[in-house]
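Chemist: These protein sequence lines map, in sequence, to chains A and B. Once you know that position 196 of the first sequence is 195 in numbering that gives the first Met the number 0, the rest is easy, because the numbers rise by one and skip nothing. Once you know that position 118 of the second sequence is 117 in numbering that gives the first Met the number 0, the rest is easy, because the numbers rise by one and skip nothing.
No lab work stands behind these hints, which were simulated from the structure alone. Everything numeric in this text was worked out from a predicted model, so none of it was measured. Some clues are possibly wrong.
[Unchecked claim] The calculated lysine-lysine pairs, modelled on BS3-like cross-linking and capped at a C-alpha distance of 25 angstroms, are:
id	chain 1	residue 1	chain 2	residue 2
1	B	K7	A	K269
2	A	K137	B	K269
3	B	K101	B	K116
4	A	K34	B	K234
5	B	K116	B	K137
6	A	K269	B	K33
7	A	K116	B	K137
8	B	K217	A	K66
9	A	K33	B	K33
10	A	K270	B	K33
11	B	K33	A	K234
12	A	K66	B	K234
13	A	K34	B	K270
14	B	K234	B	K98
15	A	K101	A	K270
16	A	K4	A	K102
17	A	K217	A	K101
18	B	K168	A	K270
Number of protein chains: 2
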Amino acid sequence: MLIPKKGKPWLLTDFRFALQAEEEAQGFTVELYKKGLYALLKKLLPTLNVRRLGFESHYFLHSSVGKLEEMAENIKVELVPLLGLVERMRVLKTEEEIKLIKKSVLLNEQIFQSVHKTLTPGMTEIDIALALEQTMRKMGAEEPSFETIVAFGTNAAKPHAVPTNRVLKNGEIVLIDMGLVLGGYCSDMTRTFVVGKPKKKFFQRLRVVRKAQLAGTKAIRAGAICRDVDQAARKVITDAGYGDFFGHSLGHGVGLAVHEAPGLGSRNRKKLRAGMIVTIEPGIYLPEWGGIRLENMAVVREDGCEVLNEDTTGLDL
Amino acid sequence: MLIPKKGKPWLLTDFRFALQAEEEAQGFTVELYKKGLYALLKKLLPTLNVRRLGFESHYFLHSSVGKLEEMAENIKVELVPLLGLVERMRVLKTEEEIKLIKKSVLLNEQIFQSVHKTLTPGMTEIDIALALEQTMRKMGAEEPSFETIVAFGTNAAKPHAVPTNRVLKNGEIVLIDMGLVLGGYCSDMTRTFVVGKPKKKFFQRLRVVRKAQLAGTKAIRAGAICRDVDQAARKVITDAGYGDFFGHSLGHGVGLAVHEAPGLGSRNRKKLRAGMIVTIEPGIYLPEWGGIRLENMAVVREDGCEVLNEDTTGLDL
């Protein structure tokens with residue numbers, strides 16, 4: 000995508016995407032390259048009178064920038080690496096965007112609930128992940144916003160578990176982390192529960208995670224420092240003796256991408272602002288035992304936050 | 000992944016992938032970073048006595064190389080950008096690898112055939128794509144090697160069509176481009192056919208594409224120049240008057256990745272070598288009418304090539 004200061008933006012692509020580009024990129028001048036992107040830019044930039052060209056440093060590969068530099072030098076264009084330009088424009092959501100994200104969250108929950116009630120021992124992690132993704136598409140989602148995680152028992156100790164053919168046993172932990180794209184906007188939710196009769200330890204630990212989530216949620220408001228929000232939740236888990244088993248950050252922004260700014264982690268000293276949307280997803284992961292994670296999404300408001308989730312599976316303690 | 004000249008290779012990752020890394024990366028020393036990759040490298044490189052550090056220029060983002068440079072300067076390590084180092088090691092397949100790829104191809108065909116015979120008017124592109132991907136996982140594939148393409152009628156005029164809710168009508172073109180990963184190795188196949196009674200034009204054009212595929216296949220042997228193979232197939236399509244409607248290259252390498260070297264395109268002057276595996280996938284795309292693509296995979300041999308596919312749907316003219 001090439002956006003000159005004046006005039007229509009350009010979409011540069013190749014033959015394979017010609018029809019799709021015409022259909023989807025309304026308002027753009029679509030130009031196809033036959034001899035590669037850099038050859039086309041070399042022709043196009045002088046006609047557009049471009050003297051300085053910014054590019055997204057965190058999307059361009061190092062080797063591609065090499066080619067970009069060669070081309071730019073050739074036609075005496077100054078190259079300017081940019082970091083987070085578009086991300087900064089996206090970090091605050093408008094009320095319209097918040098509505099779209101809420102819709103995405105609610106559809107995601109509806110799908111979770113419809114599959115959740117069919118779960119029985121004997122199913123595999125892959126069976127359930129496929130059922131969830133198939134239901135997403137049937138119920139109108141554009142696609143999953145990331146590869147659906149379904150993890151049983153000790154597999155749930157991997158925060159980014161990949162579904163396997165492991166068969167669900169009665170009384171085992173089930174961790175489901177799922178999201179979808181609707182109207183271009185992402186959702187992301189995690190629930191952890193037991194099919195059958197859970198052991199006492201499960202409730203004990205679930206309660207710790209839920210308390211941590213509530214503490215994190217309570218700490219969110221415009222002006223709060225990201226790492227302080229992480230710390231508010233982390234403290235509950237540390238105080239319960241599980242500090243070493245919650246190794247990831249508390250949450251991340253969600254919008255057009257399922258992971259975007261801001262990060263709710265222990266190294267982020269930036270302040271939250273009203274209109275940001277973040278996940279709140281503390282967890283405890285014990286290799287020999289399993290894992291528990293609970294994840295909701297919330298909008299940052301001036302005086303607090305508004306949780307977008309309505310599903311209460313595992314939250315109602 | 001960090002590979003010192005001597006001693007065990009290292010896998011550097013974070014908490015979220017700790018268990019998976021231990022399970023999957025046998026023979027590696029797994030080290031987790033808490034304060035980011037660059038902070039860990041800064042500590043680790045001096046203890047390993049690294050003075051020159053190569054990195055994959057076509058996998059590292061421009062912004063990440065910035066951080067890598069800062070770190071390297073700090074500990075006086077020389078940075079060396081590398082291009083295609085691993086790819087060059089992968090381009091020639093061993094006989095063992097060829098067997099694994101053949102297995103992947105045959106499983107892919109089996110899945111295609113089992114879904115192909117269930118196709119009826121009224122199904123949507125998404126229905127069929129989901130059925131294919133679900134069957135892949137049920138029949139033991141690790142995952143699809145790319146997002147399955149199912150395109151009806153005019154949608155088939157997009158070489159990289161995305162499945163939609165379009166409903167299949169009797170007599171309409173169906174283009175299916177699908178692949179899977181089995182034992183780590185990819186397959187990739189395209190078939191185009193009609194459910195119901197095809198129009199005459201369809202067979203006419205299908206025959207052109209198949210003839211182009213045969214011409215390309217015949218041109219493949221060790222020592223043949225990649226662009227000449229592309230040209231051999233392209234000439235058939237151009238001679239039939241469809242030269243402007245075959246805008247992509249004839250094929251690409253396949254192995255651990257579904258797209259790898261060598262590229263069979265009009266700008267590649269390199270020679271094929273025995274043991275390479277390539278796709279041969281000519282196509283004709285007419286926006287108002289639809290598209291046809293046929294894709295097989297073949298191993299380059301000293302005196303010709305060995306087509307890995309056995310399925311004959313649309314090839315038996």
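Chemist: Okay, which hints does this one fail, numbers in order?
Modeler: When the structure is compared with the hints, numbers 1, 2, 8, 9, 12, 14, 16 and 18 turn out to be violated.
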